[in-house]
Amino acid sequence: MATAHSRTAARAMISPAVIFLLLWMIVPLAMTLYFSFLRYNLLMPGMEEWTGFENYRYFLTDPAFSTALINTLLLVGGVLFITLVGGTLLALLLNQDFFGQGIVRVLAIAPFFVMPTVSALVFKNMFMNPVNGLFAFMAEAIGMQPIDWLAEIPLLSITLMVSWTWLPFATLILLTSLQSLDSEQMEASEMDGAGAISRFFYITVPHLARAGTVVVLIETIFLLSIFAEILVTTNGGPGNASTNLTYLVYAESLLRFDVGTGAAGGVVAIILANIVAIFLMRAIGKNLDA
Amino acid sequence: MGRITLDQITKSFGEAQVIPPLDLTIEDGEFVVFVGPSGCGKSTLLRLIAGLEDVTSGEIRIDGKPATDLPPAKRGLAMVFQSYALYPHMSVRKNIAFPLKMAKLPQEEINRKVENAAQVLNLSPYIDKRPGQLSGGQRQRVAIGRAIVREPAAFLFDEPLSNLDAALRVNMRAEISELHQQLSTTMIYVTHDQVEAMTMADKIVVLQAGVIEQVGSPLDLYNHPRNLFVAGFIGSPKMNFITGPEAAKHGAHTIGIRPEHLRTSKESGEWTGRVGLGEHLGSDTFLRVETEFGEMTVRTIGDFDARHGDTVYLTPDPARIHRFDESGLSIR
Chain R
1 MATAHSRTAA RAMISPAVIF LLLWMIVPLA MTLYFSFLRY NLLMPGMEEW TGFENYRYFL
61 TDPAFSTALI NTLLLVGGVL FITLVGGTLL ALLLNQDFFG QGIVRVLAIA PFFVMPTVSA
121 LVFKNMFMNP VNGLFAFMAE AIGMQPIDWL AEIPLLSITL MVSWTWLPFA TLILLTSLQS
181 LDSEQMEASE MDGAGAISRF FYITVPHLAR AGTVVVLIET IFLLSIFAEI LVTTNGGPGN
241 ASTNLTYLVY AESLLRFDVG TGAAGGVVAI ILANIVAIFL MRAIGKNLDA
Chain Z
1001 MGRITLDQIT KSFGEAQVIP PLDLTIEDGE FVVFVGPSGC GKSTLLRLIA GLEDVTSGEI
1061 RIDGKPATDL PPAKRGLAMV FQSYALYPHM SVRKNIAFPL KMAKLPQEEI NRKVENAAQV
1121 LNLSPYIDKR PGQLSGGQRQ RVAIGRAIVR EPAAFLFDEP LSNLDAALRV NMRAEISELH
1181 QQLSTTMIYV THDQVEAMTM ADKIVVLQAG VIEQVGSPLD LYNHPRNLFV AGFIGSPKMN
1241 FITGPEAAKH GAHTIGIRPE HLRTSKESGE WTGRVGLGEH LGSDTFLRVE TEFGEMTVRT
1301 IGDFDARHGD TVYLTPDPAR IHRFDESGLS IR
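Residue numbers (my numbering), protein chains in the order written: chain R, 1 to 290; chain Z, 1001 to 1332.
Worth flagging that the hints you see were computed from the coordinates, not collected in a lab. Accuracy of the hints is not assured; some may be wrong.
[To be verified] Not everything, but these chain R residues come out facing chain Z in the computed CB check (under 10 Å):
| # | residue |
| --- | --- |
| 1 | N95 |
| 2 | E184 |
| 3 | M186 |
| 4 | E187 |
| 5 | A194 |
| 6 | G195 |
| 7 | S198 |
| 8 | P206 |
| 9 | H207 |
[What the hints assert, rightly or not] Listed next, with one range per pair, are the computed distances between beta-carbon atoms:
| # | chain 1 | residue 1 | chain 2 | residue 2 | range |
| --- | --- | --- | --- | --- | --- |
| 10 | Z | G1039 | R | D97 | 22 to 28 Å |
| 11 | R | V122 | Z | K1074 | 39 to 45 Å |
| 12 | Z | K1104 | R | I103 | 41 to 47 Å |
| 13 | Z | G1039 | R | F20 | 55 to 61 Å |
Don't be surprised by glycine CBs; every beta carbon is placed ideally from N, CA and C.
Throw the hints in and build the complete structure from the sequences for me.
Structural data, given as structure tokens:
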């Protein structure tokens, strides 16, 4: 990019892609914003009218909103906690030399390839079913009352399902990071008198901080919009015990046919996601600096 | 205290025996250098002493106490690694304090010792920086600092200067020697660089394929190499070797003569040769001379005027001719 001429040419050549991307993003966003200010119900076609912030007022004062907000944060936080802790431990395990290491690593990554709807249905029908499920069978085997997972602890059940999907992702990224840990550093700390646990907390964990940050950021983006697992298992219920923001927007737009309120909910979700992103970058963004 | 005894130590990796039975005693306060070509087992030997590798058989004693099965931390040794192995997420201060913190010393004592070490090694201006912000020489000093605060029975150095540039290497060499004078703690130093070995060591251990070829003071090794390997390895440029009738004249299978013990003349001398490559260093000139016994390296005065193809005469210093028998051992 040395001369003014080549810079102009470069700009001209990348502009179609940039304009396309911009439209791709702006048009749905603009339409969502527009709908959010309309009284727009699918049961009353042709009756759209401007309502100002009425949809927002309705969405934000809905008692389901605060529940959904808390559920969203609990779900994201819970999955992040399980995948980071579990992923670190699994990565430590997979980083050992053992027979069949390659196959085990591939197997460990497999859950990530299973579609969310499929994994959720498998969990619902084969593990968490209070009559036929494996968990119920195990509980009975040790003489305990089986738990009706999806009815009694619906949010935790969904957190577990989603964690199962995302655990391999965290494991994989943390394992890669673990493999780049300098063995001389470990030996040096061993000579310095650090035991296995001190070595883990003083050497390994700080080394994993950057990879862990990547895991947190990427997972948060995807976990804020968890939907399929809820749709095929609890439908947000019982009541709205497992409704998150995404599911609430869906319920407004397509179950209550209120597109206007749904769009307003979407805009609220965008704003909340950005607030979460700002908090995350403030808290852990410095880990990404070299 | 730091007297280290190795008694019939062996080390095998699977089938391959890298160190056949080996005995060695390192006296308290000695500066011992393990030197040898790469892959000769010198680093392995150091790691065995450190406890980072388990010995296959034999016994290690430190100050008379058996240490063979002790974990590295319990042996009271400190090691400086080739890559320095500093903890990148900790400041210099925390790096140096780490072994003390692991030993659960009170905080004031840690602070005092860290300040002290930083003073000795001129690290005070960088004490709150991270290793990533330091130059190679500074990192090296931090690594040494981390080793000295523990007041170990002995220091182990694993090729510590190999990542530094030539000028810095000379400086650090002097600093480490100076440190040894100050602390008079046992130091074991591994290198493949015989200049480092010659300049720093009280005692050099020459290794080849896991076998100790010779142990002795630098000058002892230089003047009285025990065999052909040591004769060729110690000294730079390498000793010239001559076999055949010329060697037989001296009653040996092979004779060796160092480049600095050959007198060069353009008029007359014992051996005749033709000048090949000349390296003019200013203070000295090294000439590769093609003689009837093969190519020989000679050291001569800085302004010796010889061009490619010139004929020169070489005369060996008869007192400095090393004689070796068929098995390569020196004839005394």
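Tested hints:
no., hint, verdict
1, N95, "violated, 19 Å"
2, E184, "holds, 4 Å"
3, M186, "holds, 8 Å"
4, E187, "holds, 5 Å"
5, A194, "holds, 5 Å"
6, G195, "holds, 8 Å"
7, S198, "holds, 6 Å"
8, P206, "holds, 4 Å"
9, H207, "holds, 7 Å"
10, G1039/Z <-> D97/R: 22 to 28 Å, "holds, 23 Å"
11, V122/R <-> K1074/Z: 39 to 45 Å, "violated, 51 Å"
12, K1104/Z <-> I103/R: 41 to 47 Å, "holds, 43 Å"
13, G1039/Z <-> F20/R: 55 to 61 Å, "holds, 58 Å"
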